[in-house]
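The numbering used here numbers the first residue of the sequence shown as 1 and each following residue consecutively.
Just so you know, not all the hints are guaranteed correct.
Within a straight-line C-alpha distance of at most 25 Å, the following computed DSS-like cross-link-like pairs (lysine-lysine) qualify [stated by the list, open to error]:
#, residue 1, residue 2
1, K590, K476
2, K579, K590
3, K585, K434
It is worth saying that the hints were derived from the structure and are not from the lab.
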Amino acid sequence: QFIIGTFIKASGILPETAVNLAIPTLFAASISAAFCLVYNLSSKMTDSRSPIAIPFSPIWAGLFASFFVGVAGNLGGAMQLLKSLIAWLKTGASFPPFDYWSPSRMIPDQIAITEFPFWSFLFADPHAHMIAIPFTLLCIGLAFSTLVGSISFKAAWWQQAAYLTLIGIVVGSLFAINSWDYPTYLSLVALTVIIAYFLYHQRVCLDFIKGAFWRVALILLTSYLAFHPFHSRFVVFNGGIHLSDFQTDTIHYLGINGLFLFLIASYLLFEIYSLSALSSVRPVTRLRKSLLLAMTVTLITTIAYMSMVGYGTVALLFSLSLLSLLLLVRRLATADDSQHYHVFLLLLILGGLGLGIAVDLITANNDIDRMNTIFKLYLQSWVLYAIASAGLLWYLTASLLRFRFYGRWLFSFWIATFCLLLISVSIFPLLGTKARLSDRFSTDFTGLDGAAFMTQAVYLDDDNPLPLADDWEAIKWLRKTAPNYQVIAEGTTEPHLYRWGGRFSIYTGLPSIIGWSWHQTQQRGGGERRIQQRLSDVKSLYSTTNESIAADILHMYDVDYLVIGDLERLYYPQSGLAKFESMDKYGVSKIYVNNSVSIYQISTSDAV
């Protein structure tokens, strides 16, 4: 939010308009970064000494990367459409309106958010997870450039240090933007630096260990020191992790990541089966064969047991991880520049699979079920899967066209399955967009002004109409009148959470006694007592008929302006609101009034 806020301040554009410029800017940055990354990866693979002659332009790979990262949905849209179709065939029932919300809640019976990038951009709520997406893609791009030789380990130490410092700054920014992303992408760039240095050094020895250590240490230190002012003031409530009490059913995980896992599994099977992947395997002796058989039986038994005890998704992802790790080791053992690109793709695959496994094993403390753990980590795995899948699709299509040892029918089946999945992930962008755009006070208005709805909208609070026009006029007046950092008092909608509360603080940017209590409770777990105290004080401020008590609350929180509108009249007794008319001796005076909103100024110098 700080980054977006800086651009808004620098440009002078009003926030209600600027936020509607920021969302498409982040979207454009994300799909552009995805395109450039996979386009360059594919171009490098074409130029390398690859045994596969790839006839397609890398532009196609880049376009699919943009689609997978920023446009594709999960399979929830297709599942929803299929259910409606079945109901229509059975009973003739008409198709219900498309529910754009349900694909973001793909795991039933659990509180879990399964957003994907397009859903976040479409919902247009500028949360940290969405703002971070283009920066995570920048980290992936720097990791890729490191692995393919943009940094020369033959260069002077200060040149290498400058490049690694840049990486550290980019990775470190993620902690300030969306701290959940920091461990994942720090691990990714650290691994790529270690692997790149290993490919340069060609053996593990003391020099390799020392060289890899100082390079990774420099990235780590830079990522922290560059943002030390942030870290010195950053407070985590109830940090840490614990063993997860919930797991994701395999069918639901496939509903979220089905297309990506199809391409990943296809790539792994193709690589293992192809002669090029097995050509340098040494002859298997009887002892090795026995050990391999024993390991295979043990692995299959372990996976079967995990599936039986409710860890089916972990078993699936663990199996794919082992295959990926096997191929990664195989690629690292081949002294060929063309292997670098496969190594990078395999690292992304392992990252996505590892995150999927982690979610079923651990949960962040103070989470609601696994809501934020799934939300943050599944979104990270989506980006990693999407970039890898775009590169895999480009490579697989060319490879399967060239090598037909699978048989024409199997190739046709693969193409048909991919096309079906591609159509399925395209349903949400088509139908979900229309449904989301219809979910407004009025669908007549089009434009960039995100506050224009208030001029005509009427909010229904339990069938109590709250016209918003007067609130908006008062908000505009307060914007022009109140200096920055002046504190306001406005009513809350307790015990209700999702209502019209906090509207003056939100649309003026001025601090209030208490913001939205649900976010405050979630994000300030260690301060719940103070949160409840502030909620109680706001209730007393507006409800009490004792002027002295109200004045004490106003001065305790250094309140400069107090708001009374239709919302306050709905949630607080008239007797409590009327007292402010006679509180002149406490420095409370009415300075603004319109049809339904009054604003009082509190002056401590006039208080007795």
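Evaluation of the provided hints:
1. K590 - K476: With Cα atoms ~17 Å apart, K590 and K476 stay inside 25 Å; holds.
2. K579 - K590: holds, 12 Å
3. K585 - K434: Violated. K585 to K434 sits at ~56 Å, over the 25 Å cutoff.
Checked against the numbered hints listed earlier, the structure breaks hint 3 alone; every other hint is satisfied.
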